[in-house]
Structure formats: C-alpha cells, structure tokens
Amino acid sequence: MSALDGVMGAAGGVVTGGLWKVGAIVLGVLLIGATCGLGFEWWLASRDRDVARADLRAEQGVNAALRAGIDTQNLRLAQLGKEKLAAEARGVAAQQLAAANGKRFDGALAKLAGAHAATCAEAMPAVNQLLKDVRQ
317 MSALDGVMGA AGGVVTGGLW KVGAIVLGVL LIGATCGLGF EWWLASRDRD VARADLRAEQ
377 GVNAALRAGI DTQNLRLAQL GKEKLAAEAR GVAAQQLAAA NGKRFDGALA KLAGAHAATC
437 AEAMPAVNQL LKDVRQ
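Numbering follows our numbering, in which position 26 of the sequence shown is assigned residue number 342; successive positions increment by one, without gaps.
To be clear, the hints were calculated from the coordinates, so they are not data collected in a lab. Being a predicted model, the structure only gives us computed values, none of them experimental. Check before you lean on any hint, since a few could be wrong.
[To be verified] Below 30 Å or equal to it, Euclidean Cα-Cα: the simulated BS3-like pairs (lysine-lysine) are:
hint	residue 1	residue 2
1	K448	K419
2	K427	K448
3	K400	K427
Please construct the entire structure, taking both the sequences and the accompanying hints into account.
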C-alpha cells in the first residue's frame, strides 16, 4: 500500500496544486470583472452627475431670468403707486380749485339775485359784473 499511497499522494499534490491555480485564475477573473463593473457604474454615475449639473445650471439661468422679471415688475408697480399718489394729489387740487371757483361763481350769482332785465341792453351791465366777479 505504500506504493499506492505514494502514487495517490503524488497525484493528490498535482491535483491540489492545479486546483489552487485554477481557483486563483477564476478569482482573478471575478475580481477583474467586478472591478470593470464598478468602474462602469462609476462612469455612469459621473455622467449622470454631469447631466444633472448641466440641468441645474440651465434651471438656475431660468430662475435668474424669472427673478429679474419679478424685480422689474415690482419696480414698475412701485412706480405706478407713486404715479397714482401724484394723480390723486392733482385730483384733490383740482377739486379744491373747482370748489373755490364754484364758491366764487355762487357769490357772483348771489350779488345778481335781484336783477331783472327785459332787454339785452339792460342785462349787459349785470353780465359784465358777473364776469368781473368770476374772474377775481
């Protein structure tokens, strides 16, 4: 049996040594495949990141344009508010002037309340007095 044990021992050493080599090769191929797969995934993630950055820049440009439009709109609204206040002030001044003119006209009419004229020549002194009082 010792001869059989020697042959089996020698055959077992060759088979065992060959299996380690095959195992190492298979493990190396698996590691290279995993590394290539991870590298490819990393490349995909990098590409997606670059696309996302480009989209972000585009959206930031749109956002800046919208903000500029809103700022312009707010500026115009502020200007319109100032113009409205100025118009209201002019309206109040016009109303006060109209009221003063109305009082002056009412006063001139009150002075002529008792005047009666049958002809144009009789009415002209009253009309002239009315115009004189209204101009003042």
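Hints, one by one, checked against the model:
no., hint, result
1, K448 - K419, "14 Å, holds"
2, K427 - K448, "12 Å, holds"
3, K400 - K427, "40 Å, violated"
Checked against the numbered hints listed earlier, the structure breaks hint 3 alone; every other hint is satisfied.
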